[in-house]
Structure formats: C-alpha cells, structure tokens
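*Asks:* In case you want the letters, here they are:
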Amino acid sequence: MLRFILTRLSILIPTFIGVTLLTFAMIRLIPGDPIELLVGERGLDPARHAKLRAEMGLDRPVLEQYWHYLTGVLQGDLGKSIVTKQPVVDEFFTLFPATVELSICAMLFAVALGIPAGILAAVRRGSVFDHSVMGAALTGYSMPIFWWGLLLIILFSGILGWTPVSGRISLLYFFEPVTGFMLIDSWLSGESGAFKSAVRHLILPTVVLGTIPLAVIARQTRSAMLEVLHEDYVRTARAKGLAPWRVIGFHALRNALIPVITVIGLQVGVLFGGAVLTETIFSWPGIGKWIIDSIHRRDYPSVQGGILLIATTVIIINLLVDLVYGLINPRIRHRR
Amino acid sequence: MPLLEIDNLSVTFGGLRAVDGLDLSIDEGEVLGIVGESGSGKSVAMLAVMGLIAFPGVVRANAVRFNGRELTGLNKRERRNLTGKDIAMIFQEPMTSLNPCFTVGFQITETLKVHEGGTRNTRRERALELLSQVGIPDPERRLNSFPHQLSGGMNQRVMIAIAIACRPKLLIADEPTTALDVTIQAQILQLLLGLQREYGMALVLITHDMGVVAETAQRVSVMYAGQLVEERAAGALFTHPRHPYTHALLDALPERGRDRPRLPTIPGVVPGLYDRPSGCLFNPRCASAQADCTERVPPIESGNRGRVRCWHPLREDAVGA
Amino acid sequence: MNETAQSMSGLESAQAPPHPLREFWNYFRLNRGAVAGLTFVALVVFVALFADIIAPHDPHEQYRDHFLEPPVWEESGTWEFPLGTDAVGRDILTRILHGSRYSLVIGFIVVTLSLTVGIALGLLAAFFRGSFEALVMRAMDIMLSMPSLLLAVVIVAILGPGLFNAMLAISVTYLPHLVRLTRAAAITELSKDYVVASKVSGARMPRLMVITVLPNCMAPLIVQATLSFSNAILDAAALGFLGLGAQPPTPEWGTMLAEAREFVLRAWWVVTFPGVAILLTVLALNLFGDGLRDALDPKLKR
Numbered sequence: 001m002l003r004f005i006l007t008r009l010s011i012l013i014p015t016f017i018g019v020t021l022l023t024f025a026m027i028r029l030i031p032g033d034p035i036e037l038l039v040g041e042r043g044l045d046p047a048r049h050a051k052l053r054a055e056m057g058l059d060r061p062v063l064e065q066y067w068h069y070l071t072g073v074l075q076g077d078l079g080k081s082i083v084t085k086q087p088v089v090d091e092f093f094t095l096f097p098a099t100v101e102l103s104i105c106a107m108l109f110a111v112a113l114g115i116p117a118g119i120l121a122a123v124r125r126g127s128v129f130d131h132s133v134m135g136a137a138l139t140g141y142s143m144p145i146f147w148w149g150l151l152l153i154i155l156f157s158g159i160l161g162w163t164p165v166s167g168r169i170s171l172l173y174f175f176e177p178v179t180g181f182m183l184i185d186s187w188l189s190g191e192s193g194a195f196k197s198a199v200r201h202l203i204l205p206t207v208v209l210g211t212i213p214l215a216v217i218a219r220q221t222r223s224a225m226l227e228v229l230h231e232d233y234v235r236t237a238r239a240k241g242l243a244p245w246r247v248i249g250f251h252a253l254r255n256a257l258i259p260v261i262t263v264i265g266l267q268v269g270v271l272f273g274g275a276v277l278t279e280t281i282f283s284w285p286g287i288g289k290w291i292i293d294s295i296h297r298r299d300y301p302s303v304q305g306g307i308l309l310i311a312t313t314v315i316i317i318n319l320l321v322d323l324v325y326g327l328i329n330p331r332i333r334h335r336r
Numbered sequence: 001m002p003l004l005e006i007d008n009l010s011v012t013f014g015g016l017r018a019v020d021g022l023d024l025s026i027d028e029g030e031v032l033g034i035v036g037e038s039g040s041g042k043s044v045a046m047l048a049v050m051g052l053i054a055f056p057g058v059v060r061a062n063a064v065r066f067n068g069r070e071l072t073g074l075n076k077r078e079r080r081n082l083t084g085k086d087i088a089m090i091f092q093e094p095m096t097s098l099n100p101c102f103t104v105g106f107q108i109t110e111t112l113k114v115h116e117g118g119t120r121n122t123r124r125e126r127a128l129e130l131l132s133q134v135g136i137p138d139p140e141r142r143l144n145s146f147p148h149q150l151s152g153g154m155n156q157r158v159m160i161a162i163a164i165a166c167r168p169k170l171l172i173a174d175e176p177t178t179a180l181d182v183t184i185q186a187q188i189l190q191l192l193l194g195l196q197r198e199y200g201m202a203l204v205l206i207t208h209d210m211g212v213v214a215e216t217a218q219r220v221s222v223m224y225a226g227q228l229v230e231e232r233a234a235g236a237l238f239t240h241p242r243h244p245y246t247h248a249l250l251d252a253l254p255e256r257g258r259d260r261p262r263l264p265t266i267p268g269v270v271p272g273l274y275d276r277p278s279g280c281l282f283n284p285r286c287a288s289a290q291a292d293c294t295e296r297v298p299p300i301e302s303g304n305r306g307r308v309r310c311w312h313p314l315r316e317d318a319v320g321a
Numbered sequence: 001m002n003e004t005a006q007s008m009s010g011l012e013s014a015q016a017p018p019h020p021l022r023e024f025w026n027y028f029r030l031n032r033g034a035v036a037g038l039t040f041v042a043l044v045v046f047v048a049l050f051a052d053i054i055a056p057h058d059p060h061e062q063y064r065d066h067f068l069e070p071p072v073w074e075e076s077g078t079w080e081f082p083l084g085t086d087a088v089g090r091d092i093l094t095r096i097l098h099g100s101r102y103s104l105v106i107g108f109i110v111v112t113l114s115l116t117v118g119i120a121l122g123l124l125a126a127f128f129r130g131s132f133e134a135l136v137m138r139a140m141d142i143m144l145s146m147p148s149l150l151l152a153v154v155i156v157a158i159l160g161p162g163l164f165n166a167m168l169a170i171s172v173t174y175l176p177h178l179v180r181l182t183r184a185a186a187i188t189e190l191s192k193d194y195v196v197a198s199k200v201s202g203a204r205m206p207r208l209m210v211i212t213v214l215p216n217c218m219a220p221l222i223v224q225a226t227l228s229f230s231n232a233i234l235d236a237a238a239l240g241f242l243g244l245g246a247q248p249p250t251p252e253w254g255t256m257l258a259e260a261r262e263f264v265l266r267a268w269w270v271v272t273f274p275g276v277a278i279l280l281t282v283l284a285l286n287l288f289g290d291g292l293r294d295a296l297d298p299k300l301k302r
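Residue numbers (the working numbering), protein chains in the order written: chain P, 1 to 336; chain S, 1 to 321; chain H, 1 to 302.
Watch out, some of these pointers could steer you wrong.
[What the hints assert, rightly or not] Using C-beta positions, here's what the derived DEER-type ranges look like: (1) L68(H) to L160(P): 37 to 45 Å; (2) G32(P) to R32(H): 37 to 45 Å; (3) T72(S) to G161(P): 57 to 65 Å; (4) I104(P) to L30(H): 50 to 58 Å; (5) H131(P) to D275(S): 42 to 50 Å; (6) V210(H) to I104(P): 44 to 52 Å; (7) S132(P) to A291(S): 42 to 50 Å; (8) G272(S) to I13(P): 43 to 51 Å.
[What the hints assert, rightly or not] Covered by chain S, according to a simulated footprint, are these stretches of chain P (three or more residues, beta-carbon under 8 Å): (9) 196 to 208; (10) 240 to 248; (11) 321 to 331.
These aren't lab readings, by the way, just hints derived from the structure by calculation. This one's a predicted model, so the numbers in the text were calculated from it and none came from an experiment. By construction, the Cβ of each residue, glycine as well, lies at the ideal position given by its N, Cα and C atoms.
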C-alpha cells in the first residue's frame, strides 16, 4: 500500500510543476504587455515601466523568472489582485468554502440518489423503472445546466415562491464566519431561522450542480451492477442462503462500487467546472463566479492564482480518490 | 425414506426446457454421480434443488422432498434457511466463485453467522477448524487472505469449507475439479469423499467425466438433453451399460481406447431450443437407432437393477468388460 | 460474432455476408432511441441548411412595437411571433432556427480540430515510445488536472472572447481523452500480427501509421467524436452564456440565454426556448452516440 501511495505521489509532482508552468506562461501569452496586465494600468510612462519591470524581475532570463515564480508559489505568494489589492491567496480562501460547501452538497445529492437508482434499475432490468431512470439519466447528462438553473428559478422561485433566487443566506442574518461553511456557521450563530434560510438558499444550486454527476453515477452504477450480478460469486452468495438485500446490497454492490468510485472521482473536476456556471446563475459567492468576474475585470493575477489553486485542489482530490480506490479494491492494494 | 426425492422436475427458460421431467432420489450418506455433456441440464436441476433458479427460469415439480419436508410449498425465507445450511453447493470455477472483495475468513464466517449465529469468537474458531479440515496449511494466516492471493486449488478448498460450515446433510458439487490442474483434481476428490464420510453427508457429484464417477460414486444417473436416460449402481453401469448414450460415453474414455488407433466420439451435439428431434432425443446421434426411435418418446423403465429410457436398450451381456 | 450478424440480416441477403455498413445499419436500427436521435439530428441539419427560407423573420430585425411578446398560445400572443419576442423585439423562433447553424458548425469544427490533432499526437505517442511519448502524455495529464470548462475559460481569457476562440479553446480541452484513446488503441493494434506482417513486408512508418493501424482504431474514436460533438455544443453554449463565446447579437443559443437572464422572472419564454433547443439537440446526439457505440462495440453484439 505504501508503495502504491509513493507511485501516485511521484506522478503528482511533475503534474503540479506542469500546472505552474502553464499559469506562468499564461500571463505571457495574453496579448499585450505583461507588466501592464499585472499592474492593471495602460500607457505606463517608460520610467515607471522600467522600474516595475525590474521590481517584478521581468528583465531577467525566463528560466530565472520561472524559478522566482515557483518559489513564490511554494511559499504561498500568488501575487495581488489588481482590483482589491489583496493577496490572491487570501481572496481565494475566503471564497473557497462557499464552493466546497456547494460541491459537497451537490455530490452527496448525486451519490444519494444516483447509486440507489442505478442499483434498482439494474436489478429490475428492462422494467418501466429501468427505462425511466435511464431516460432521465441521459436527459440529465445532456442538460445545459445554466439553463436548467434558470428553469428551476422560474418554477420554484417565480411561480411557487418556495426558494430564494440568489446568494447563500437571507440578508436579514449577519454573523462572523467561523468555518466559512454557511450551514455550520448559521447553525453556530444560534439565530433563529438562519439555518433554515441557509438550507433554502442551498437547495436549487445543489440540484443544478448535482444533475450531471447524478446522471453519470446512475448510469455507471447500473452498468457496473449488471456486470457484477452475473458473476459467480453472486451465485455463491445466494447459495449461502443470504437474503436478497444482502446479496445485492453487499456482495454485488461492494464490487460494483469499484468502477463507480472512479467515476465519482472524475466527476469532481466536472463539478468545479459546473460550479462556474452554477455560481454565476445563483450569484453564489464562490471561486467559480470569482474567476469569471476576474476575467471580465481583466484581473489577471487573480485568474492566474485561482486557476493554479483549483488545479492543485483537483490534483489532490484525484490522489485521494486513487487511495480510496486502493482501499476498496483488494486486488490493487496487494499489487506490487 | 430417501433424503432427497425429486418427482417430475422441470426447469424452463423461455421456450427452452433445460430439465425435462426429472425423477431422482438420493439416500442419506450416499454418493450419487450425475453425468452428462454440457447442456444436459445436470447443473440446472441441482440449482433448482438449491432454489437458485432466477427469473426468467421457471421451476415446476410434482414434489421435491428433502428430509421429509416438501420444498415446493416453502416461502422464500424458509427456503433460504435450508439453502447453505442443510443443502450446500460448490461450483466449477473456484477463482470466480469467491467474492474478490472479502477475506476468506469473512466469507466462511458469514455463512455461520446467517445460519447458526454464535459469537464472533466461536465463528472464528469454527472457521479455523474448517480450514484445517479442508487441508489448508497455516489457517490463522489464511483467514485474512483474499481469494486472489490463493491458488485455484486452495480457493476450491475454501469453497468446500464454506459449504460444509453448517454440517449440511446434502452437498452438491458441480464439476468441482474441472477447472483445476490434473494433479490437484484427485486431491480435491479425495478431500470431498473424506469429508462426506466424516460428516455422513449425502454427496451429489455433477461431472461430465466418467472417470471421476468411476472412482467415487455408488450410484450413477446419466442425463441427456434435460432427461434422465439411465440410472444404475456404479459398478453395473460401468460393466453393462444399457443405454446407447451411456455406452458411447464409456467408449469415449481414453482408458478404454488403449488398444484402438482412434478414440471413438459421439457425433453431433446436445439438441438446443430449435433442433429438438421427434421421438427419442438421442436418436440422431444414436448408433443403434431404429425407425420407431424417431416416432415415439421412450418412457423410463424401472427394473430391479436401475432405470433406462430407451426403446432398444443394450442387453446386459452385449458389451463385456 | 459474424455469424449472428449474418443470421440477423440473412432474411434479405440470402447467403452472402452483408456489407459491413449494412451489417452496422441492421444492428443500429434495432435501437429505437438511436434512430429517433438520428432523425432529430437530420431535422436540425435540414433547419440549419434552410433557415433563411423556413424562418418567418430576419434574426436581427427588431420590431419596436413588439417587445417581450409571449408565445402564440398565451393570451396576448400572435401567430406573427409563434414563440414570442425578446427584449428588443426580435422573433425568438427565427433566432432559434438560425442558432442551429452555429451549434452544428461549432460541433463540426471542434470535432474536426480536436480529432485531427488528437489522433496525430496519439499515433505519434504510440509509435515513438520513450521521451516523446512521456512528454505528450504528461502534458495531457496536466490538462486533465484542470476542469475542462475552466480550462476552456482560461484559454478564452488568454485569446479573448469570441466564437472562434471559444471553439479553439473547447477543441484543446478535448485533446487529452482523444490522445489517450488513440494511443491506447494504437498500442494494442501494434502488438498484433498483421502489423508485424506489414512491417516485415517493408511498409514505411507513415503508411504503417495511417493505413495499417489507424483504421483499426477508429471504432472508439468515432464514438468519442459523436460524444464530443454534443459536448462541444453544450460547452460552447456555456461559454456564450458566460459572455466568453459568441457575442451578442449573434443568435447563438447560449448567448441568447445570457441576454435573456435578466428576464427570467418576467418573460419565461425568452429563457425557455433556446434551452429546449440545446437540450433536444444534445439529447438527440447522445442517443445517436449511444446507439453508435452499441452497434460498433463487438463485445455487446449478440
């Protein structure tokens, strides 16, 4: 197992270096003068330009510049936002919990519905239930989620008036963030109704962001279960006199989960991409909306730093998924 | 009173009759061999006894009595309480028949937990005892092994340990040695027979290998295309087969073909869904088929020396040893 | 596998083995969803080709007296604007019909671009194992560590917003899967006897790559291409929605949604219909793609 972790880690480091190369190059690839881009001013006078150039080290050889950038990144220095003049790292980690909270809820929603739906569809293969689940899954998979979000707003906020249109919590409530997770903070604040308000704000974004993972997980669970249900060991389990729920929900599912976990891991990246759209629709103050706003404001240090941090997060999550995969699949764990 | 008595069992999948009107009985402590080519319905019949035929398969029988109890009337739960406890089964492919995600120890104790309860410790003790009974060295360590860490022979021993965990009265072994190396085959057979005597179980040995049956069974049933074609005591069957199919099977044994230049074979294959012949199901492949064989289905005829389903059975002295 | 396929089509073609395309079609048409998908895609193509003739209005014409008119079945709707008008009085039906052109062109260009580059890189990586392969595959890993929509957003941020840049960006994000797929398939094929035979008989590298190996890797690539086609439509619409793709007043479906966003609670039809168009087109392509995969996958043929 240790060896397994080490191999994974050894792939991770070059990938991280590659990402820093990419973000480093990004600023230099944007048409226009990199100094003006990084300072956020146009038409700098030559004296100031030269001074800034020296300050930023842009007069040095590219390799040295990169080394400077990389060591800065490793010490947590990702530059300052042009708009707010705050360190990019601080901005990122203020907004990050909002995106994480939304992503976790969306993933829980997708897993909690997708796995049971996939199992039932596989067990009742060919039934009306199976066909409807698979039809719904394909529709979900084909869904433009930014439109899906607007549609849900029309229905639940406009016509029914059940859910708020935007934000994380009603403006009536204010309290200092403790964890950054609104569900926990509102609970801790002790204000009556705050937690309920946070939940109501979270429902639509969760459904919207969870739709595509839900569809993918349901499809994958069904096909993995169908494959596993024909295996000899499922027959053995039944020959032991086990109850059907134990044969299906334990012996078969345990094996079917192996590919499903892989797919769930792959969906994490999809989730961060979808967060950009979901947060834009619901004015959710998270990383996705921040990146898009930064692009529109031409706040390139923020874009650069944000992309690097998101990519790093995805890399770390992929590593964790690999480890979980090793944990649940004994055949991988013992491979040398 | 026989331990297991099957009266007119049929199993159908859609239009396919996998088992067709099978009568069979087995006494306590007896070893019965069921022989036939693949597709002859021998495994399906025993899966039906286990209650393991799933949709779209349909099982019908006048009666299936086990230990004096009628199985066809039981509800699913009562049926499950017998399966794996009083009637157990082991399968052909040991490498795929064990769940790859669970340890050997877990898979053995699971059966004990479901049928006998007991404490964690008693179950563990019993699992250790079982592992050494089936001849697995270092059982303490093997308890925590996963199936993929063991060889095929070892896995089959584990399967046997699971099957005999609750001291079943009847053990069904479905081609238990087919997937194993030749050197291991004999060991596993000896183990099964040893355990059968030790536990006083009845043992049904399903195989397509006449040689295996010759070494083990007291009585042999020969099946063809879902039907029983001959049943006799093992010795008599081997020296004086009465059904031409049995005769052909025995003739195809390499041991018997030593002084012949070429091993005889049975032409053709077992009929499937669409090519069932009229009359006797074996007639297209039968060396001694006559005109009436294609017209009417032969009934099974019981005599004091066994049963045979044939219009023109071979005389007992036709083929000497 | 061949036998069953033959017996399936054997009714019409007697004993001769059917042409591979015919065999494929015989299998494909059994899948009702796939046929429905194909039919709808054909409809979209037809609409795109003849949008000028079919559409009742000009997509850019602003009718000053008809701002935010509801569709015909609503109380104040008229047949003049069957699906209503948007905030500046343009006919929504017309714009949706014209939008099909953009979606099809986007899908086509993205698939062509990414397939060409992806296959080339994948084949080269499979043929020149070693440092070149490592470099390419590492680069693909890096791209995969970024959520694909976010990567596209970044590339557009570098290149500047616009439909063409959006297509370029989306093509780049599809590269990793195509490269991996091609490389894996090519490596499998390379170890087979027919390739060895071809090598022994003196085939040169380019011929070996393109004529001997590539055709045998095509099945998974074709399936991936149809899925990329539908994904490209979705992603381009998403970029349009974020203001990074096609710019207003282009009647591209995602851009139309972006313009309609502020009317979400006032004029549902402005928001609803472009999205329905995206959903149905993508759904049809995915149904078609699923059918294609099943018909091409010999493992599933029974």
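*Asks:* Give a verdict on every hint.
*Replies:* Results for each hint:
1. Taking the beta carbon of each, L68(H) and L160(P) are about 22 Å apart, not inside 37 to 45 Å as hinted.
2. Between G32(P) and R32(H) the beta carbons are some 54 Å apart, a value that contradicts the proposed interval 37 to 45 Å.
3. In this structure, T72(S) and G161(P) meet the distance hint of 57 to 65 Å, their C-beta atoms being roughly 59 Å apart.
4. Judged by the Cβ atoms, the range 50 to 58 Å given for I104(P) and L30(H) is violated: they are separated by roughly 42 Å.
5. The hint said 42 to 50 Å for the Cβ distance between H131(P) and D275(S), and at roughly 34 Å that hint is violated.
6. Judged by the Cβ atoms, the range 44 to 52 Å given for V210(H) and I104(P) holds: they are separated by roughly 47 Å.
7. Between S132(P) and A291(S) the Cβ separation comes to about 58 Å, which falls outside the hinted range of 42 to 50 Å.
8. For G272(S) paired with I13(P), a C-beta distance near 59 Å fails the hint of 43 to 51 Å.
9. Only residues whose C-beta sits within less than 8 Å of a C-beta in chain S count toward coverage, and the region 196 to 208 of chain P has 0 of them, not enough to reach three; the restraint is violated.
10. Coverage of the region 240 to 248 of chain P by chain S holds. Counting CB-CB distances below 8 Å, 4 residues qualify, and the rule asks for three or more.
11. With 4 residues having a Cβ less than 8 Å from any Cβ of chain S, the region 321 to 331 of chain P passes the three-residue criterion, so the hint holds.
Checked against the numbered hints given earlier, the structure breaks hints 1, 2, 4, 5, 7, 8, 9 and satisfies all the rest.
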